[in-house]
Amino acid sequence: MPEPRLPDPLGSRRGHRSRDGAAALSTLSIERLEPRLVSTRFAGRGHHFERVESTNDTLHGLARCGAPAGTFVLADGQTAGRGRRRRSWVSLPGKGLYLSVLFRPPPGPPTRWTLGAAVAACDACHALGAETVTIKWPNDLLAGRDKLGGILVETRSAGGAVDELIVGLGVNVHHDDAEIKSIGVRGVTSLHRAVPSGMVGSRTELAGAFLKRMDEVATSLEGGNWSAVAAAWLDRAPRAHGAPVSVSGVDGATWSGVSAGLAEDGALVVEDAAGQLRPVRQIEAVRFTED
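Numbering follows this note's numbering, in which position 271 of the sequence shown is assigned residue number 271; successive positions increment by one, without gaps.
Among these hints, one or two may not hold up.
Here are the computed lysine-lysine pairs in the DSS-like style, where the Cα-Cα straight-line distance is at most 30 Å [as the list claims (entries may be wrong)]:
| hint | residue 1 | residue 2 |
| --- | --- | --- |
| 1 | LYS136 | LYS181 |
| 2 | LYS136 | LYS212 |
| 3 | LYS181 | LYS147 |
| 4 | LYS136 | LYS147 |
| 5 | LYS147 | LYS212 |
What the hints contain is simulated information worked out from the structure, not anything from laboratory work.
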């Protein structure tokens, strides 16, 4: 099998300065990120690209070449970023955090990794001052009712077991009002707009906060401590209990209910009109009807 062709990685790049002399916050730097990753599984395993089609796809290429668990990819922009159900993720260059991380986990439901990564991303946003950021099942980061980021977990199997699990994270960071409008999707926001002062930290800071927290979450998941991850997720997901939900099943049937927590595999539990508790999984379409 031929090796995949990968973009050329970047070294550290100096950030430009704005007209008022303040250092631009859009700069990404592996060199400034590395000190934040000491003692984590990610130390020394980062790859920074100016632009890729998708950080998940780029990391998959590295994994096929034998990259170890803990390898991660950062990009300043994506030309074909995507979310769940192959939805396009508009990735403005220099404005968002586009990051993918490779794991080679023990057997277990991949949805747990989606929820765990959402916890890590939510906590990273809080660390940069966006303390009102919450999670919506299964993978959305919200500020109020507006989406500012999301998680995409993709797996590949060998011999019937998951051999490669990639956690992709996209967060709108420095987008101003005009840039949010240019995305052309309603209900979208950014950390810049979510932080009360508007002075959000750098993408390097956000990446460091996410990776440090993700290292802790991964240790819990790999060690079988799903209950701790689930509790953390529920604490950050106000719609997980008592929120009206509409579900479209894979058979095309639509039904409604009220959210009632998490199942053991990370599925959303929904209480239907008959009072039955039903697990809803990512293959089904879920809409929180108050949004």
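Okay, the hints, checked on the actual structure:
{"no.": "1", "hint": "LYS136 <-> LYS181", "result": "holds (22 Å)"}
{"no.": "2", "hint": "LYS136 <-> LYS212", "result": "holds (22 Å)"}
{"no.": "3", "hint": "LYS181 <-> LYS147", "result": "holds (13 Å)"}
{"no.": "4", "hint": "LYS136 <-> LYS147", "result": "holds (9 Å)"}
{"no.": "5", "hint": "LYS147 <-> LYS212", "result": "holds (23 Å)"}
Of the numbered hints given earlier, the model fails none.
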